[in-house]
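Participant: So you can see what is in the structure, the chains are spelled out below.
Number of protein chains: 4
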Amino acid sequence: MNQTEKGILLVSCPDTEGIVAAVSTFLFSNGANIVHSDQHSTDPVQGHFFMRIEFSHPNLLEKLPELEAAFAETASPFSMQWSITATSKKPRVAIFATKEDHCLQELIWRWQLGELHAEIALVISNHNHFRELAESAGIPFYHVPVTKDTKAEATAAHFSILEENRIDTVILARYMQIIPEQLIQRYQNEIINIHHSFLPAFIGGNPYQQAFDRGVKIIGATAHYVNEQLDEGPIIEQDITRITHRYNVTDLKRHGKDIERIVLYRAVKWHLEKRVIVHGNKTIVFQ
Amino acid sequence: MNQTEKGILLVSCPDTEGIVAAVSTFLFSNGANIVHSDQHSTDPVQGHFFMRIEFSHPNLLEKLPELEAAFAETASPFSMQWSITATSKKPRVAIFATKEDHCLQELIWRWQLGELHAEIALVISNHNHFRELAESAGIPFYHVPVTKDTKAEATAAHFSILEENRIDTVILARYMQIIPEQLIQRYQNEIINIHHSFLPAFIGGNPYQQAFDRGVKIIGATAHYVNEQLDEGPIIEQDITRITHRYNVTDLKRHGKDIERIVLYRAVKWHLEKRVIVHGNKTIVFQ
Amino acid sequence: MNQTEKGILLVSCPDTEGIVAAVSTFLFSNGANIVHSDQHSTDPVQGHFFMRIEFSHPNLLEKLPELEAAFAETASPFSMQWSITATSKKPRVAIFATKEDHCLQELIWRWQLGELHAEIALVISNHNHFRELAESAGIPFYHVPVTKDTKAEATAAHFSILEENRIDTVILARYMQIIPEQLIQRYQNEIINIHHSFLPAFIGGNPYQQAFDRGVKIIGATAHYVNEQLDEGPIIEQDITRITHRYNVTDLKRHGKDIERIVLYRAVKWHLEKRVIVHGNKTIVFQ
Amino acid sequence: MNQTEKGILLVSCPDTEGIVAAVSTFLFSNGANIVHSDQHSTDPVQGHFFMRIEFSHPNLLEKLPELEAAFAETASPFSMQWSITATSKKPRVAIFATKEDHCLQELIWRWQLGELHAEIALVISNHNHFRELAESAGIPFYHVPVTKDTKAEATAAHFSILEENRIDTVILARYMQIIPEQLIQRYQNEIINIHHSFLPAFIGGNPYQQAFDRGVKIIGATAHYVNEQLDEGPIIEQDITRITHRYNVTDLKRHGKDIERIVLYRAVKWHLEKRVIVHGNKTIVFQ
Numbered sequence: 017m018n019q020t021e022k023g024i025l026l027v028s029c030p031d032t033e034g035i036v037a038a039v040s041t042f043l044f045s046n047g048a049n050i051v052h053s054d055q056h057s058t059d060p061v062q063g064h065f066f067m068r069i070e071f072s073h074p075n076l077l078e079k080l081p082e083l084e085a086a087f088a089e090t091a092s093p094f095s096m097q098w099s100i101t102a103t104s105k106k107p108r109v110a111i112f113a114t115k116e117d118h119c120l121q122e123l124i125w126r127w128q129l130g131e132l133h134a135e136i137a138l139v140i141s142n143h144n145h146f147r148e149l150a151e152s153a154g155i156p157f158y159h160v161p162v163t164k165d166t167k168a169e170a171t172a173a174h175f176s177i178l179e180e181n182r183i184d185t186v187i188l189a190r191y192m193q194i195i196p197e198q199l200i201q202r203y204q205n206e207i208i209n210i211h212h213s214f215l216p217a218f219i220g221g222n223p224y225q226q227a228f229d230r231g232v233k234i235i236g237a238t239a240h241y242v243n244e245q246l247d248e249g250p251i252i253e254q255d256i257t258r259i260t261h262r263y264n265v266t267d268l269k270r271h272g273k274d275i276e277r278i279v280l281y282r283a284v285k286w287h288l289e290k291r292v293i294v295h296g297n298k299t300i301v302f303q
Numbered sequence: 017m018n019q020t021e022k023g024i025l026l027v028s029c030p031d032t033e034g035i036v037a038a039v040s041t042f043l044f045s046n047g048a049n050i051v052h053s054d055q056h057s058t059d060p061v062q063g064h065f066f067m068r069i070e071f072s073h074p075n076l077l078e079k080l081p082e083l084e085a086a087f088a089e090t091a092s093p094f095s096m097q098w099s100i101t102a103t104s105k106k107p108r109v110a111i112f113a114t115k116e117d118h119c120l121q122e123l124i125w126r127w128q129l130g131e132l133h134a135e136i137a138l139v140i141s142n143h144n145h146f147r148e149l150a151e152s153a154g155i156p157f158y159h160v161p162v163t164k165d166t167k168a169e170a171t172a173a174h175f176s177i178l179e180e181n182r183i184d185t186v187i188l189a190r191y192m193q194i195i196p197e198q199l200i201q202r203y204q205n206e207i208i209n210i211h212h213s214f215l216p217a218f219i220g221g222n223p224y225q226q227a228f229d230r231g232v233k234i235i236g237a238t239a240h241y242v243n244e245q246l247d248e249g250p251i252i253e254q255d256i257t258r259i260t261h262r263y264n265v266t267d268l269k270r271h272g273k274d275i276e277r278i279v280l281y282r283a284v285k286w287h288l289e290k291r292v293i294v295h296g297n298k299t300i301v302f303q
Numbered sequence: 017m018n019q020t021e022k023g024i025l026l027v028s029c030p031d032t033e034g035i036v037a038a039v040s041t042f043l044f045s046n047g048a049n050i051v052h053s054d055q056h057s058t059d060p061v062q063g064h065f066f067m068r069i070e071f072s073h074p075n076l077l078e079k080l081p082e083l084e085a086a087f088a089e090t091a092s093p094f095s096m097q098w099s100i101t102a103t104s105k106k107p108r109v110a111i112f113a114t115k116e117d118h119c120l121q122e123l124i125w126r127w128q129l130g131e132l133h134a135e136i137a138l139v140i141s142n143h144n145h146f147r148e149l150a151e152s153a154g155i156p157f158y159h160v161p162v163t164k165d166t167k168a169e170a171t172a173a174h175f176s177i178l179e180e181n182r183i184d185t186v187i188l189a190r191y192m193q194i195i196p197e198q199l200i201q202r203y204q205n206e207i208i209n210i211h212h213s214f215l216p217a218f219i220g221g222n223p224y225q226q227a228f229d230r231g232v233k234i235i236g237a238t239a240h241y242v243n244e245q246l247d248e249g250p251i252i253e254q255d256i257t258r259i260t261h262r263y264n265v266t267d268l269k270r271h272g273k274d275i276e277r278i279v280l281y282r283a284v285k286w287h288l289e290k291r292v293i294v295h296g297n298k299t300i301v302f303q
Numbered sequence: 017m018n019q020t021e022k023g024i025l026l027v028s029c030p031d032t033e034g035i036v037a038a039v040s041t042f043l044f045s046n047g048a049n050i051v052h053s054d055q056h057s058t059d060p061v062q063g064h065f066f067m068r069i070e071f072s073h074p075n076l077l078e079k080l081p082e083l084e085a086a087f088a089e090t091a092s093p094f095s096m097q098w099s100i101t102a103t104s105k106k107p108r109v110a111i112f113a114t115k116e117d118h119c120l121q122e123l124i125w126r127w128q129l130g131e132l133h134a135e136i137a138l139v140i141s142n143h144n145h146f147r148e149l150a151e152s153a154g155i156p157f158y159h160v161p162v163t164k165d166t167k168a169e170a171t172a173a174h175f176s177i178l179e180e181n182r183i184d185t186v187i188l189a190r191y192m193q194i195i196p197e198q199l200i201q202r203y204q205n206e207i208i209n210i211h212h213s214f215l216p217a218f219i220g221g222n223p224y225q226q227a228f229d230r231g232v233k234i235i236g237a238t239a240h241y242v243n244e245q246l247d248e249g250p251i252i253e254q255d256i257t258r259i260t261h262r263y264n265v266t267d268l269k270r271h272g273k274d275i276e277r278i279v280l281y282r283a284v285k286w287h288l289e290k291r292v293i294v295h296g297n298k299t300i301v302f303q
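Chains as they are written, first to last, in the numbering used here: chain A, 17 to 303; chain F, 17 to 303; chain G, 17 to 303; chain P, 17 to 303.
Fair warning: there could be bad hints in the mix.
[Claimed, not checked] The list that follows gives simulated cross-link-like pairs (lysine-lysine, DSSO-like), each with its CA atoms no further than 30 Å apart:
hint, chain 1, residue 1, chain 2, residue 2
1, F, Lys22, P, Lys269
2, F, Lys115, F, Lys285
3, A, Lys298, F, Lys22
4, G, Lys269, A, Lys106
5, P, Lys269, F, Lys106
6, P, Lys273, F, Lys115
7, F, Lys290, P, Lys273
8, P, Lys167, P, Lys273
9, A, Lys22, G, Lys269
10, G, Lys285, A, Lys269
11, F, Lys269, G, Lys298
12, G, Lys290, A, Lys106
13, P, Lys273, F, Lys106
14, G, Lys269, F, Lys298
15, A, Lys269, G, Lys273
16, A, Lys115, A, Lys273
17, A, Lys115, A, Lys167
18, F, Lys269, P, Lys22
19, F, Lys285, P, Lys115
20, P, Lys105, F, Lys269
21, G, Lys285, A, Lys273
22, F, Lys298, A, Lys22
23, G, Lys290, A, Lys273
24, P, Lys115, P, Lys273
25, G, Lys22, P, Lys298
26, A, Lys269, G, Lys106
27, A, Lys290, G, Lys22
It should be emphasised that the hints constitute simulated quantities derived from the structure, not laboratory data.
Using the sequences and the hints, build the whole thing.
Facilitator: Set out below in structure tokens:
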């Protein structure tokens, strides 16, 4: 018996006439009903076009290979980059953390509430602090210590843990270690970091101390994809909070946490719901 | 010689399968290129569907009657309510004001900057205060006094001024008089008011005094279409600002003005750009 | 040997000349050093004056009775209401909850981080859901069922639990039951509730449904002291979040939770730090 | 006959015990009544102390020299930097502008509403665009062209205009020229600039283009005192607005204007009300 399932089609291609008509006609004539659609063009003339369509389809999982084969023909004349995802398959997520719990707590709590479309498959940390927090939520915990001399081994351990657990997405929930290039290349646009400043202000270490020293009146946080340049990957989400001359560095850290956890949560949620398309060093985020 | 012009198609109908495909195919095969599209469904099953499409078309103004006749056939099986607007024709706007200038100033200033897609055709006031302000901006000013005994005459004057000037939209920029029912019925969903509270809190007179008396920690403003029930029309936009125990009623009024003028500006801007669809007592606002 | 301790002096009296001089001279000549001071007057002429002073004092706990006796003489000519609190004594807090965990979780988590100046002495609920949550944080849990027929017994149970545990402050963390008048009178301005709307909008039940039906563009939450009138006690804190036509009632509830938990947290934090003075139906909140 | 006048006392000194008592006793015994008082200490031990007191005094203007002489004795043992200002004397302000009118318009409009405690004595511009705008508000306009070869003459002209008009404060309302060092030194902490980014992000030219290229999700504005380092003076106020992938550089500029004008207005207002104390490269801003 048929059952209605939900799918998401992402499309990215040079802008030209007739894209929406071609795609919507394809979906309609292949039994899919458009539930929501959003699009963006950097410029109708010579620009780039992006589209995200939520659709319902009877027996999507079963028919997916067929649908993909058929769509390839529609996509080809437009030089589309595209993907079709059945939402019944949840992305598998690994969370990296160190010693600050607020981002990890927030993600676990949102996940328990059903607000994150994911399997949180495991937590990895270079410390043992969060074993209980993870395991009491039913999430396997891996302690992978990282020292100057053991970076290669740690990376190897990370790789095998992620591979064995078929991880799709890695969340750095205030993980205070540099991610090696091999990992970044293996998980292109699938590693999300939270930086504790409104980038590009206060790149690098100790951004709250930097903010204090500069005497700013707002502090912020930035969730971004990790690429080879530290703190320079495509930004997914940012937010800020107002501060006053009364706040010392400890106060900044305390208030900053509230921004960090909500900004990371939003970025992760949108990523998992396939709302984010990376284009060059920027993101299109469909709401 | 052909020239590319921009049009906006608004559609509202019961949700069902195939709407997007039908509309986008219609536009494509009639020489229109979709520049931006947004849609909303209250529920894919038994719900109501809304769509706003910006498109470009060679010689739209000339071909509009033809296009409308053709679209009527596409629209009919879906029981669509719809409109096609050529953006080269700017709506004609009348602003009503009394003695507070901040909303009027903001609208005129935005209009001079080219941020409002409108002809501001005239200012009407029950006082003479703003004659110079209006006229120095090149906007005709009409002084129509309103007293208890002259309401009928005032309404008649309003009607004839609006008709003679072919007004499409009326903005009440802190106009402190009740709008008579005939006017509301003549300009259905075309009269926008700014109320100085976050409705439905503090309906009626003196909302800042009410807010002060209640001891709230936020004040706000609400732009809404005017219907027969005072302060109960469909809300287009709202915003707020934080206040503290230090603010007296005068402070509330002063800070409130900043919210009022920006909220009214946004609502007017979106209305003029055909971003707002009224459905029952609510609005869909496409960004 | 002496040790420096921190104290908080709250003062409230009719405004007149010389209050600040009298109080600051008293503190100085009694060995207290003003660390922070804030004040407010509703009106220098005929108004009411409020002051909060943080001070440091060697051996405050030991000298408190002496200091209080001495200050009574300074206070008397000004008709002051006043209190001196040694911050080394933490208020004892009881949290009431029902079935929604976000506010309870937030308070426990903040408390574990050291961000709430309190002993969370116990959690009371009319359901058994949160036993594990409370107990795993080391907080005793009391299940007091409430049915139509057992209200009197439940109130008696509440009273004896609160008295036996020497509770100072009661937090209603989405506790979905009416608080009986005796409890309100016993804990005057010491019971804090979170209401899931920006009061005075949407008083009463189901505020998110009410907000959806009205078509507002912002939703909010309000933390207030509980008095005999439902949802009409003095407001401590409010905040809002923007919504769009895309949000159904479930979405409103989900986004509302984020506001509820942060608004309640702020109000509780400020209350516990003696930053809130109730005056009539309003609050002065010193930052 | 005596009349009550308002004064503002600003104090800045190393923190130690007894400051508040000494100052409040001085005021009380010299016939001044404290209307509002605010203070801040970077650290009670070895820190720096700041205080702002609003007081009322009969015949303040007449008695000011006497009061200052007397306060010098109170201030000396504490090594205070201090000033007493009679608010009946309004600061004289010069506004510099170039070709963008939003900041200039906002300041003039606020001033006409009585929201700026100042005499706007003149507008200076390197272009002639705003002559009518200034003069129709009754403000003298000076056109001082600036070219590569005439910088020295322009600076000389600026100096003599400012001196002749006894200017206290200079506002750079999007004045697109570098301010020469002599002017900065002559008007220490009395020149306020608006930079169109949330500093320290996007220092230098074309910040909106920089923001677009980096793909940020928020843009902002910063009002700061001008010192010798470009865009690095003490920050008075900052604010931001959210943006999306849909905004091109023109959109960023348009939305940015709304932030710029409100941020500059706030900073100017606070400066004129003597709410801002500069300490090193930071500001204390008393609300």
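Participant: Going through the numbered hints above, which ones does this structure break? Give me the numbers in ascending order.
Facilitator: 12 and 27
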